[in-house]
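With chain A held as given, fit chains B and C onto it using these hints.
Chains as they are written, first to last, in the numbering used here: chain A, 1 to 435; chain B, 1 to 409; chain C, 1 to 316.
Possibly wrong hints are sitting among the right ones.
[Stated by the list, open to error] Cross-link-like lysine-lysine pairs, in silico, DSSO-like; alpha carbons within 27 angstroms at most:
no., chain 1, residue 1, chain 2, residue 2
1, B, Lys345, B, Lys395
2, B, Lys66, B, Lys391
3, B, Lys27, B, Lys47
4, B, Lys327, B, Lys122
5, C, Lys286, B, Lys336
6, B, Lys201, B, Lys167
7, B, Lys171, C, Lys286
8, A, Lys383, B, Lys391
9, B, Lys27, A, Lys383
10, C, Lys286, B, Lys191
11, B, Lys345, C, Lys286
12, A, Lys383, B, Lys301
13, B, Lys395, B, Lys66
14, B, Lys27, B, Lys409
15, B, Lys404, B, Lys391
16, B, Lys27, B, Lys345
17, B, Lys336, B, Lys376
18, B, Lys122, B, Lys171
19, C, Lys286, B, Lys201
20, A, Lys383, B, Lys47
No lab work stands behind these hints: they were computed from the structure. Here the structure is a predicted model, which means the values were calculated and not measured.
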Amino acid sequence: MTDAGVAAPSLGGRTTHAHGARDRRVWLAVAVLVVVLPHAPGLTTDFGRSLLTQMGIAIVFALSYNVLFGETGLLSFGHAVYFGLGGYAAIHCMRAINHGLPLPMPFVPLAGAAGGLVCGLAFGALTTRRAGTIFALISLGVGELVYAATFLLPGLFGGEEGITASRTRALALPGLDLGSQLQVYYVVAAWALVSAAAMRAFTRTPVGRLCNAVRDNPERVQFVGYDPQRIRFIAFAVAGLFAGVAGGLHALNYEIVAADAVGAQRSGSVLVMAYMGGTGSFAGPVVGAIVLTWLETSLSAYTSAWLLYVGLIFIAIILFAPAGLWGIVAMHAPILHTRALRRVLARYAVALLPGAIMVAGAAALIEMSYRLSTQRELGSVVKLGPLALDASTPVPWIAGAAMLVGGLVLLRISARFVAVAWQAATLEARGGGAP
Amino acid sequence: MRAHRRRVVAVAVALALGAGSAAADVKIAFIDPLSGGGASTGILAQKTHQFYIDAINAAGGINGEKIELLSYDNKVNPQESLIQLKKALDEGARYLVQGNGSAVALALTDAVQKYNERNPGKEVLYLNYAAIDPALTNDKCSFWHFRFDADADMKMAAMTSAIAGDKKTQKVYLINQDYSFGKAVAAAAQKMLAEKRPDIKIVGDELHPLQKVQDFSPYVAKIKASGADTVITGNWGNDMVLLIKAGRDAGLKVNWDTYYGGTPGTVSAVREAGVDTLKQVSEWHKNAQPDLDTTVAAFDKRFPGAENEYAYWRAKTMWEMFAAAAKKAQSNDPAKVARALEGMKMSTPLGDVEMRADNHQLLQPLYVSTLEKGQKYDAEGTGLGWRTDTKVDGKATALPTTCKMERPK
Amino acid sequence: MLELATISLLNGIVYGLLLFMLSSGLTLIFSMMGVLNFAHASLFMLGAYCSWQLGRWVGFWPAILLAPLLCGLIGAAIERYGLRRVHGRGHVAEILFTFGLAYIIEEVVTMIWGRNAVANGVPSAIDFPLFTVFGTQFPAYKGLMMAISVAMFVFLYLMLQRTRIGLVIRGALTHPRMVAALGHDVPGVFVLVFAIGSALAGLAGVIGGFMLLTQPTLAHVVGPIVFVIVVLGGLGSLAGALIASMLIGILQTFAVAIDYSLLDALRALGIAVTRGSPWYDVAAIKVATAAPMIPYLLLVLMLIVRPRGLLGTRDA
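One chain only, chain A, in its complex shape:
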């Protein structure tokens, strides 16, 4: 079942050799950045390092989801099952280590990978016979089924309490006892790099390319002589394996795994991450994971309406930018070297003002409503940046509504100008960049 809603991955027109060299430079740069990041100003606190650790886990999880969705076209609403079951495997491994198993703690995500792989193989055999909507429904059903089942086996899953373990009570490795958040970050970052490189390599293998083919035209794949179901099964197992790695990292970071690790909310959140970033490229889910993790941890500290903002951004992306955030960035690649780019950027700046007004108006209305309905005890004065809005008076409401409507109208007008500038830039790009 083809789907026009997912953009095709950009392969670029370079030769394999040039591709390989460029890739190696990119990965080297990323590795250096990952090592240096926790010492960057602003990220040296436990808060910053926790944030980076969570981003690392989310990146692995979102990339594993994209192996299913972006690469093979399988929309899954139950991917957290493999994350959670891998996490449970990992936490039991940690418990065994606490009781004397001579395995170094940083290798625990291997147990997560094993758990994710086994479950991916088991459930995949049953569920990959179909694609499309049926697959989505099956994944939903399996997710709910596994979630309900975790409460039935308290020995394995700990019931409501979950399973806990300690990440420090293990074989003493010199200097690496995982007591500090910094050390946990480096372990997570190492695993994230390895997993991302592995998944990237997978997309380049013949099996990976076949996954893309199954996504685009399964009938043709059959005619060429391959079995689409087999290929989907392999993709499912690979996705399950890396989801399990993410689950294992989660177990290391929080030292607890409970039933909501396999729950529908987590499945939903990885879907939003991957889609928001853009499922058509490898970097998309990475961007989505970073942005959503940041919104979840930091934005929620400033406003209790953060989930609404996330939902609105998600809907906006579905309606207006199906290629995701990274798709928006990548969309500029062809016009990067044109002269018309300057005009496009200028038009962006013009459209920015009404956009900002609209967003500010919406934010004012939303924040005031949330304050009145959920946190009345903090009073009716809401602080939005430097302004203090008294929600019990009509003035801020009228002003907010006016800004929202006015900004929207002006935005639509300026969007037309942006479109014109884009057209010129695209024409120029296609024409070869002639002056």
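Chains B and C alone, transformed into the frame defined by chain A:
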């Protein structure tokens, strides 16, 4: 390069959020459900804690510093709680307040213990105002945990003593939530009924999923079919309201002996059907004193509405003792405050209370009360109010403990 | 035993009809438009809140008419201004759109009414026992719910099978271009179908609101089970949805009443499983504890064995 660009954006964004606040306030994290099945109790508790903290701040704070309450929603979820705890610690919280859900409490005690071991000098103190699984002050006790509510066994002792005197009780049905606390209630009921009234027959011992059941009619049908005349339940939050609602709809005629019959919404759901039959064990109820305490009246004035009716008297005790301990220790450091709290005695309008030093369990008076008509103060605007049946003195509620606490030097 | 069985049957039928009320609208939308509407349960929740709010202003009986109307209008707006843009991009985009919409509706509800449950109690007009069986009362509001549920079924059946608009809808399902070529406004038909489906969800919410607790998490609670019903019953089949609802309602209600486990069954057969055995934990699970799992087990089995459902006329 694409990869570079995306990481640079990440760094810029991270810088934009800045480091955690460096103010001199004492930050206290409140981690409880603010949405979902436990929201009614969690939100009310949040308001209550904020109310008492505001009073402390208005009186000058503790040792000259003001208290800031940071709230986190855990949806009664142990895993989510640990995620929020990490966030709270990263934001500089030195104290943790939690109560709804013993599963959460067990995970938090464990996590706090680990954190304190790994971060000497930056310890965190856990003030538990409502999670009453007995294990928290027995096998799983910890120096860094203080409980300000009578545990499930202590409350069951009071409840079963009241039942023991009632000859009309012959068949008892137990229905509880399927997690550590619910199981503890069931176990305590079985044990104590066997000791005090071996002639009572326990005709059912049911465990249902926590905060998930929407329709309790099948359970009510089972209760009816068993012929029970009394139901003992530790249900709280939505589970309590929906259970009693289903019972009323079906016209079930039993005595409801509850821990949390005072959960917001319960009295409105049961109405006249609960008169003379709905009972609860609690540390306070609105008619416990002849006149309403001034803080209760002030709270109800500041937060009007049936869902905001004052219910957490133990929060008042907790914050008064906390302020007194900080004053006695002349420091806001959790380790010093903890030592000052141990063994602290205080006199309250309801009686004397004492924080046991051996297992950090608060001993306070307990009331067994029944819903009646014509009481001075009614609940949730229904015209029905609680009336005291028996009052148990604080010291008499003490039970033996298996706690072997490891104390820091 | 007989008492428990009778009451359980009654409760099961009530629960099953509640489930049908919830899923009838989704069956319509899914069957006619192929859109897996994740926001359906959210519209149910919206109906509950709207009927409570409207009830406070104009009374219960006017609210029971106004709330579904409001939900229908909202549904029409969703289809006209939102879903219409993504129809051309395939089913996946439609599903994702409704998925995001579910998040937004839940947050909007929180924004307006708060996170706590609103005091949506049974209206006093229907708060009395209808009859008594085996000493257990059967409340009148449950009777009203059953009546509305059956009425929904009859309405939908008649509309689809006996009216011209139903004929057009059925035609637009399988041959939209032909129907458009014949001069019918297919996009308009889609708006109408979505509006009717949403109105049905809203009507279910009016009753469901005081049967369950009206809280922002209400959509999460009933959401998954609605999909189970629609898929189990079969895509394109109203009668299938009814049968599936009753099946799940009765099965789950009876399951809660059974306190036996596989262990007990084996013991009756003379086979003893020791505590140390790895199968002990699994065998000791009581049927009552496993009850929440039953609908999803059926869903997964049905999707694997017979994806078109019990009475489905076509695959998804």
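Structure-based check of each hint:
Pair hint B/Lys345 plus B/Lys395 holds up; C-alpha atoms about 11 angstroms apart against a cutoff of 27 angstroms. Between B/Lys66 and B/Lys391 the alpha-carbon distance is near 37 angstroms, which puts this suggested pair outside the 27 angstroms criterion. Distance hint between B/Lys27 and B/Lys47 is fulfilled; the C-alpha atoms sit about 16 angstroms from each other, no more than 27 angstroms. Between the alpha carbons of B/Lys327 and B/Lys122 the distance comes to roughly 20 angstroms, so the proposed pair stays at or under 27 angstroms and holds.
Proximity of C/Lys286 to B/Lys336 is assessed by CA-CA distance (about 49 angstroms); at most 27 angstroms being required, the pair is judged violated. Using a Cα cut-off of 27 angstroms, the hinted pair B/Lys201 and B/Lys167 holds, with the two alpha carbons roughly 13 angstroms apart. With a C-alpha separation of about 23 angstroms, the suggested pairing of B/Lys171 with C/Lys286 holds against the 27 angstroms cut-off. Note on A/Lys383 and B/Lys391: the hinted pairing is violated, with a Cα-Cα distance of about 48 angstroms set against a maximum of 27 angstroms.
Between B/Lys27 and A/Lys383, the direct Cα distance comes to roughly 20 angstroms. Compliance with the 27 angstroms bound is thereby established for this hinted pair. Under the criterion of a C-alpha separation no larger than 27 angstroms, the hint pairing C/Lys286 with B/Lys191 is consistent with the structure, at around 23 angstroms. Taken as a hint, the B/Lys345 and C/Lys286 pair is broken in the structure, with Cα atoms around 47 angstroms apart against an allowance of 27 angstroms. At most 27 angstroms may separate the alpha-carbon atoms for a hinted pair to count; A/Lys383 and B/Lys301 meet this at roughly 25 angstroms.
The hinted pair formed by B/Lys395 and B/Lys66 fails the criterion: a straight-line CA distance of about 34 angstroms is larger than 27 angstroms. With a CA separation close to 25 angstroms, the supplied pair B/Lys27 and B/Lys409 stays within the 27 angstroms bound. Taken as a hint, the B/Lys404 and B/Lys391 pair is broken in the structure, with Cα atoms around 30 angstroms apart against an allowance of 27 angstroms. Simply put, B/Lys27 and B/Lys345 have alpha-carbon atoms about 25 angstroms apart, close enough for the 27 angstroms limit, and the pair holds.
Of the pairs offered as hints, the one joining B/Lys336 and B/Lys376 is violated, with about 43 angstroms between alpha carbons and a cut-off of 27 angstroms exceeded. Our distance criterion of 27 angstroms between C-alpha atoms is broken by B/Lys122 and B/Lys171, whose separation comes to about 53 angstroms. Straight-line distance between C-alpha atoms of C/Lys286 and B/Lys201 comes to about 22 angstroms, which keeps the hinted pair within the 27 angstroms bound. Simply put, A/Lys383 and B/Lys47 have alpha-carbon atoms about 20 angstroms apart, close enough for the 27 angstroms limit, and the pair holds.
Checked against the numbered hints above, the structure violates hints 2, 5, 8, 11, 13, 15, 17 and 18; every other hint is satisfied.
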